[in-house]
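Trainee: Chains A and B are the protein sequences, given in the same order.
According to our numbering, the stretch in the first sequence is residues 1 to 200, in order.
According to our numbering, the stretch in the second sequence is residues 1 to 200, in order.
Where hints are given, some of them may not hold.
Identical copies look the same in the list; a pair holds intra-copy or inter-copy alike.
[Unchecked claim] Derived DSSO-like pairs: lysine-lysine, alpha-carbon spacing no greater than 30 Å straight-line:
id, residue 1, residue 2
1, K47, K103
2, K47, K25
3, K103, K55
4, K25, K103
These are computed hints drawn from the structure, not numbers from a lab.
Now for the letters of each chain:
There are 2 protein chains.
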Amino acid sequence: MASFFPASLENLIDGFASLPGIGRKSAQRLAFHILSQPGGEAERFAKAVLEARDKVHSCPVCQNLTEDGLCAVCASENRDRTTVCVVSEPRDVLSIERSREYKGLYHVLHGSLSPMNRIGPDDLRIRELLERVAEGGIQEVIMATNPDTEGDATAMYISRLLRPFDIRVTRLGFGVPVGSNLEYADDATLLRALEGRREM
Amino acid sequence: MASFFPASLENLIDGFASLPGIGRKSAQRLAFHILSQPGGEAERFAKAVLEARDKVHSCPVCQNLTEDGLCAVCASENRDRTTVCVVSEPRDVLSIERSREYKGLYHVLHGSLSPMNRIGPDDLRIRELLERVAEGGIQEVIMATNPDTEGDATAMYISRLLRPFDIRVTRLGFGVPVGSNLEYADDATLLRALEGRREM
Numbered sequence: 001m002a003s004f005f006p007a008s009l010e011n012l013i014d015g016f017a018s019l020p021g022i023g024r025k026s027a028q029r030l031a032f033h034i035l036s037q038p039g040g041e042a043e044r045f046a047k048a049v050l051e052a053r054d055k056v057h058s059c060p061v062c063q064n065l066t067e068d069g070l071c072a073v074c075a076s077e078n079r080d081r082t083t084v085c086v087v088s089e090p091r092d093v094l095s096i097e098r099s100r101e102y103k104g105l106y107h108v109l110h111g112s113l114s115p116m117n118r119i120g121p122d123d124l125r126i127r128e129l130l131e132r133v134a135e136g137g138i139q140e141v142i143m144a145t146n147p148d149t150e151g152d153a154t155a156m157y158i159s160r161l162l163r164p165f166d167i168r169v170t171r172l173g174f175g176v177p178v179g180s181n182l183e184y185a186d187d188a189t190l191l192r193a194l195e196g197r198r199e200m
Numbered sequence: 001m002a003s004f005f006p007a008s009l010e011n012l013i014d015g016f017a018s019l020p021g022i023g024r025k026s027a028q029r030l031a032f033h034i035l036s037q038p039g040g041e042a043e044r045f046a047k048a049v050l051e052a053r054d055k056v057h058s059c060p061v062c063q064n065l066t067e068d069g070l071c072a073v074c075a076s077e078n079r080d081r082t083t084v085c086v087v088s089e090p091r092d093v094l095s096i097e098r099s100r101e102y103k104g105l106y107h108v109l110h111g112s113l114s115p116m117n118r119i120g121p122d123d124l125r126i127r128e129l130l131e132r133v134a135e136g137g138i139q140e141v142i143m144a145t146n147p148d149t150e151g152d153a154t155a156m157y158i159s160r161l162l163r164p165f166d167i168r169v170t171r172l173g174f175g176v177p178v179g180s181n182l183e184y185a186d187d188a189t190l191l192r193a194l195e196g197r198r199e200m
């Protein structure tokens, strides 16, 4: 069945299927969709891929994705340069910006430590973070990696590397999500919520 | 928030988000993934899109997708040319081929009638089917459009157009799926299964 579709179509299906979270059936549907679009839709899509690939690079300071020299956050004059929030992925910056609360800078690791997937410290932008801290001026590093095993391990690993520096290292607060229902909270979250309880 | 990511990255996210079944969050994940791949992965993907777009066209007989003059089924000498199975999408040909039972030819409509989505008879390859039948030699047309409202309507519409020709027009059998559990069969399917009951 592998050669049922024309070779170039199979190739496109393979391309889609290699993307995360897209199975063989979805890949077929996407490939058919792209080919069925009239008027240069496929060309525009291919161009978008190439252009993003050409133009987008990491911000030399925070490693977030940008087209310009510095990213918008690092280039802004209204941000608190004494605080750095460490996240795993560029999309996490967007999530934290959405809270409209955080005014400091970021550092994007581009991944989490994951021995299972052979992702070690050298595969993340940890060295760049240490260099930033070593330059001085940073007073607090907030570890905002994901609240899962890999995110926790990454936060723990980095916090140890930061111990020699005279700065505050904090971790995002864990607990029950706002607007959720205790009934559906899992045990680990409830445990963390109890540990993180505060005076009223 | 629209301009939070670099413009070319936003553009790529828009490109992914315009594909069927891909929401904004998934589109972000796919775009980040493509940009994070080392060694020309993005270029290969863009090339696959363009190449498929350039090479793949409809088979002049059955309208299925092909790179060559005729598609593999129409070009084969081992197929029964008196029977034509009418399906909505190229992927449906694959499904029916998988049964290893069908030995006739196909006709791909490239869609279903859908007044809600403004898809009328002229948007489907119905005229091409009528021309094939008018040429003679076809003895049976099997309507294998999807067993849903749009697929049923399309099958009904085409079967009326085929009435003037002296051929058999059949519809795929409906009923409970093999290996399934009656408990979970929906009412409409059970009704069709009862209507389609056979002597044992």
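Trainee: Next, verify each hint and record whether it holds.
Mentor: How the hints compare with the structure:
no.	hint	in the structure
1	K47 to K103	neither (35 Å within a copy, 41 Å between copies)
2	K47 to K25	both (25 Å within a copy, 21 Å between copies)
3	K103 to K55	within (27 Å within a copy, 51 Å between copies)
4	K25 to K103	between (43 Å within a copy, 24 Å between copies)
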